[in-house]
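K.L.:
So you can see what is in the structure, the chains are spelled out below.
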Amino acid sequence: MNGVHDMGGMHGLGPIEVEPDEPVFHAPWEGRVIALGDAMGPWGRWSVDRFRYLRETIRPADYLTKPYYEQWLMTFVRLFREAGLISETELASGRPDAGEAKREPKIRIADVARVAGREDTARREGGAPPRFRPGDAVVARNINPAGHTRLPRYARGKHGVIDRDHGVFVFPDTNAHGEGERPQHVYSVRFAARELWGEQAAPRDSVYLDLWDDHLDSA
Amino acid sequence: MNDDHRHDLPSDPALRVKALESLLVEKGYVDPAALDALVETYETKIGPHVGARVVARAWVDPDFRRTLLSDAKRALTDLGITGWRSANLVAVENTAQVHNLVVCTLCSCYPWSVLGLPPTWYKSAPYRSRAVIDPRGVLREFGVELPEDVEIRVWDSTAELRYLVVPERPPGSEGLGEDALAALVTRDSMIGTGLARPPDAAAGSPA
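Going down the list, the sequences are from chains P and W. 1 is the number of the first residue of the first sequence in the numbering used here; add one for each residue after it. 220 is the number of the first residue of the second sequence in the numbering used here; add one for each residue after it.
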């Protein structure tokens, strides 16, 4: 979707504010949000793609101003509701609905080391054969889906060169919407900075994006 | 989807998280003690100290450096670093000719396995918007001025690959051992917004 989350190349968003000696969490609730997401994962089995899409649908004014972990909280609440794990009335009352049987937590202290550091699950064996090889000239497709995509606006229609093939991964653009994993090759694609931004860019600089076969055509 | 006003969790995020947690505990989904342990893991187990160890090893061991740059997963496994999506790590090396900078313009993708959770500025709109269009301006804001003939490569983390910058080893560090070298490797130098510290400044800011 052409939302405010797709920020590459925008101006006017202010100076970069670096906080010296920044703590991992600024308040206990921030850590609690991540932990709740991890502990709820086995109940819902949502994908990272769905998570990212739901965060993208936060109201633009909120996306630009609400603290990061508050946006995660908003997104997790949506995921929990989508998965049918909590109801509207429970969110309103803060109490389980009448007649709800109490469950047993799926993650206990003994499971934490395994759950917290779990390996990536988006890589797939097999899948479609690669459409491109390193060195191939490509052009990023000019697509503007209203749903989730990992092809940023600033690269659409631009010419680049395949730098390397990273192997086969789930395709987020469909997976985020329950339309299948469509596993396919992901490549680092090198775009000259001047191809993306014009003459204002330094002549030898470049931007590398990781893109899927379905984002690319031969050039 | 913009229906956040439809539920009645309190507006203060701390209170909202508390209300949500107590609901989930009452329904039996989560164990508060496991939540404590998860938070502690994020605060202590992962962080830039892990990446600094990887970089210091690459500085002293040419074979390890080659493996790290061609197959980072294997290099990390050799150091006993696994999980946290380390299987999809890619290491890119800064040299006198090339400077690498990492960003995620679409969200907040960051190499948790070697750097832990990202700092606020990395996830912020100013950094995400400008790193790709004006990397030299961004670097100047971080106090890094590169010669014009240095080629800048910006890595936009749009997929599940995660990028670690191997900074240049600072001059004057020739006689140092791995632990002393690791102390020179800052978080920002592994994102590309900083350089490794010279040895005499090692007692300074940890960023």
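Possibly wrong hints are sitting among the right ones.
Within a straight-line C-alpha distance of at most 30 Å, the following computed DSSO-like cross-link-like pairs (lysine-lysine) qualify [to be verified]:
| no. | chain 1 | residue 1 | chain 2 | residue 2 |
| --- | --- | --- | --- | --- |
| 1 | W | K292 | P | K66 |
| 2 | W | K237 | W | K342 |
| 3 | P | K102 | W | K292 |
| 4 | P | K106 | W | K237 |
| 5 | W | K264 | P | K158 |
| 6 | W | K237 | P | K102 |
| 7 | P | K66 | W | K246 |
| 8 | W | K264 | W | K237 |
Calculated from the structure, these hints are not laboratory results.
K.L.:
What are the numbers of the hints that this structure violates, sorted from low to high?
P.N.:
1, 3 and 5
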